[in-house]
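If you're matching them up, the sequences are chains A and B in order. Residue 1 is where the first sequence starts when you use our numbering, and the numbers rise one by one after that. Residue 1001 is where the second sequence starts when you use our numbering, and the numbers rise one by one after that.
Keep in mind that the hints are not guaranteed to be accurate.
Which residues of chain A face chain B? A partial, calculated answer using Cβ under 10 angstroms [unchecked claim]:
1) 4
2) 59
3) 102
4) 106
5) 110
6) 131
7) 135
8) 138
9) 139
Which chain A residues stay away from chain B? Per the calculated CB distances, all over 12 angstroms, these [unchecked claim]:
10) 13
11) 14
12) 43
13) 44
14) 56
15) 57
16) 58
17) 61
18) 87
19) 93
20) 101
21) 105
22) 109
23) 137
24) 145
In short, the hints are calculated from the structure, not lab data. Don't be surprised by glycine CBs; every beta carbon is placed ideally from N, CA and C.
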Amino acid sequence: MTAFRRILHPTDFSRASAPALRRAAALARACHAPLAVLHVMTPPSPFIGEDTLPSSYAELLTLARRSAKRRLAAVLGRVRRTGVRVKAIFAEGLPADEILRAARRARADLIVMGTHGRTGVSRFFMGSVAERVVRESRCPVLTVRAHGR
Amino acid sequence: MGAEPGAEDIARLLVPTDFSAGSERAWAVARRLAGRLGAELVLVHVLVEAPLYSEGPFTMKRARDVFEAARGWAVKTLGEWTSTAAAAGIAARWVLRTGVPYQEIVGAAARERADLIVIGTHGRGGLDRALLGSVADRVIRLAPCPVVTVRDTE
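Let the hints inform the model, and build the full structure from the sequences given.
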C-alpha cells in the first residue's frame, strides 16, 4: 500500500523548520518516496525611493542567491546521508505562492512544513505562510509545530 | 538528523470525523498511512448536545430522543468506517465523545497519546476560502502532536 509518492518540504532554514524536516525525511524513508526540499527566497524590493536602484542591488541579490543555494545544498547533504532520495528546488517570490506552485509542478501528494517560521510569536498563531498553504493546497499538508510537540 | 521522533515512531493516528466528504478523504489518507507505517487508527466523532433542555418536560423528551437517535447513528457509522480499515488488516477502533469538537479532539489526542492527527478541512475557493473550518484550524494550533490536513475537494 503506497501512502505518499512525492513529498515536498519547504524550508526557510529557521529553527522552526527543523522538526518538520526530520518528519519529512522519516516519512519519505518509510514510504520509499523521494523528498523535494524547497527554499523560497523573497528578493527585497529594489525601489527604495523614487526609482532609486542602488548600484549594489544586483550584487546583493547574487550574493543572497548564492548563500541560499549553499544552505539548501547543506540541508540536502544531511538528508541524503540518511538514505533518502532528495532533490532541491530553489524559487524566488512570495513563499506561499511558490510553495503551492512547486507542489503542483512536482505533483507532490504531501507537504510537510513547520507552522511558524521567522514571524511566529505564539502557538495560537500558525504563521501566515503555513496558514495559506493549509487552506489552498490540493494535497494533504502535515504541519509540525516548532516547539512543545 | 538528530533524535527527534520520525515516522518510525508514529504508532497511533487519531482521525476526527464529522462524516463529511472531507473527513472521508482524511480517513482514506490515514488508512494508507497507517498501512504503510503499521500504525493503529483511532476514529473519533464528537456529538454536540442540543441546548434545548430547559424548554419543559415534553420538549426535553423530544430533544433526548433526537440526541439518542443521533448517537445511535454515529455509533453505527463509526463501526462501519472502522471495519473498512480492519478489512484491510489495519488495527482500528473508534471513540465517541460529547462536547465542543475541537476541545474533545485535542483532549482525545492527548489521552490516546496520538502521534499524528489526520483531519479533513473545508477547502473552499474564492470568497469562502477564509473558512478553513474552525475545528481544523483550532486543532492545528492546539494539538499535542503534528497534524495532517486533507481538503475535501481535489
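Against the structure, the hints:
About 8 angstroms separates the beta-carbon of residue 4 of chain A from the nearest beta-carbon of chain B, less than 10 angstroms, and the hint is met. The interface hint given for residue 59 of chain A is broken, as the beta carbon of that residue sits about 35 angstroms from the closest beta carbon of chain B, more than 10 angstroms. Using the Cβ-Cβ criterion of 10 angstroms, the hint placing residue 102 of chain A at the interface with chain B is not satisfied: the shortest such distance is roughly 17 angstroms. Checking residue 106 of chain A against chain B: minimum C-beta separation of about 17 angstroms lies over 10 angstroms; hint violated.
The interface hint given for residue 110 of chain A holds, since its Cβ lies 8 angstroms from the closest Cβ of chain B, which is under the 10 angstroms cut-off. For residue 131 of chain A, the interface hint holds, since its Cβ comes within 10 angstroms of a Cβ in chain B; the closest pair sits about 8 angstroms apart. With 10 angstroms as the threshold, the beta carbon of residue 135 of chain A comes within range of chain B, its nearest partner Cβ sitting at about 5 angstroms, so the hint holds. Using the Cβ-Cβ criterion of 10 angstroms, the hint placing residue 138 of chain A at the interface with chain B is satisfied: the shortest such distance is roughly 6 angstroms.
Restraint check, residue 139 of chain A versus chain B: the minimum CB separation of about 8 angstroms is within 10 angstroms; hint holds. For residue 13 of chain A, the non-interface assignment is confirmed: its Cβ lies about 15 angstroms from the closest Cβ of chain B, beyond the 12 angstroms cut-off. With a least CB separation of 15 angstroms from chain B, residue 14 of chain A remains clear of the 12 angstroms interface cut-off, as annotated. Against chain B, the non-interface label of residue 43 of chain A holds: every CB pair exceeds 12 angstroms, the least being about 27 angstroms.
The Cβ of residue 44 of chain A sits about 28 angstroms from the closest Cβ of chain B, beyond the 12 angstroms cut-off, so the non-interface label holds. Taking the minimum C-beta to C-beta distance to chain B, about 38 angstroms, the non-interface status of residue 56 of chain A holds against the 12 angstroms cut. With a cut of 12 angstroms on Cβ distances, residue 57 of chain A stays outside the contact zone with chain B, its closest approach being about 35 angstroms. For residue 58 of chain A, the non-interface assignment is confirmed: its Cβ lies about 37 angstroms from the closest Cβ of chain B, beyond the 12 angstroms cut-off.
The Cβ of residue 61 of chain A lies farther than 12 angstroms from every Cβ of chain B, with a closest approach of about 32 angstroms, so its non-interface assignment holds. For residue 87 of chain A, the condition that its CB be more than 12 angstroms from all CB atoms of chain B holds, with the nearest at approximately 17 angstroms. Once the 12 angstroms rule is applied to beta carbons, residue 93 of chain A is consistent with being away from chain B; the minimum gap is 20 angstroms. A cut-off of 12 angstroms between C-beta atoms confirms that residue 101 of chain A is not in contact with chain B; the least separation is 16 angstroms.
Every CB of chain B lies more than 12 angstroms from the CB of residue 105 of chain A, the least distance being 17 angstroms, so the non-interface label holds. The beta carbon of residue 109 of chain A sits about 9 angstroms from the closest Cβ of chain B, which is not more than 12 angstroms, so the claim that it is off the interface is violated. The beta carbon of residue 137 of chain A is not kept farther than 12 angstroms from every beta carbon of chain B, the shortest such distance being approximately 7 angstroms. Non-interface status of residue 145 of chain A relative to chain B is broken: a Cβ of that chain comes within 12 angstroms, the nearest being about 7 angstroms off.
The structure fails hints 2, 3, 4, 22, 23, 24 (numbered hints given earlier, in ascending order).
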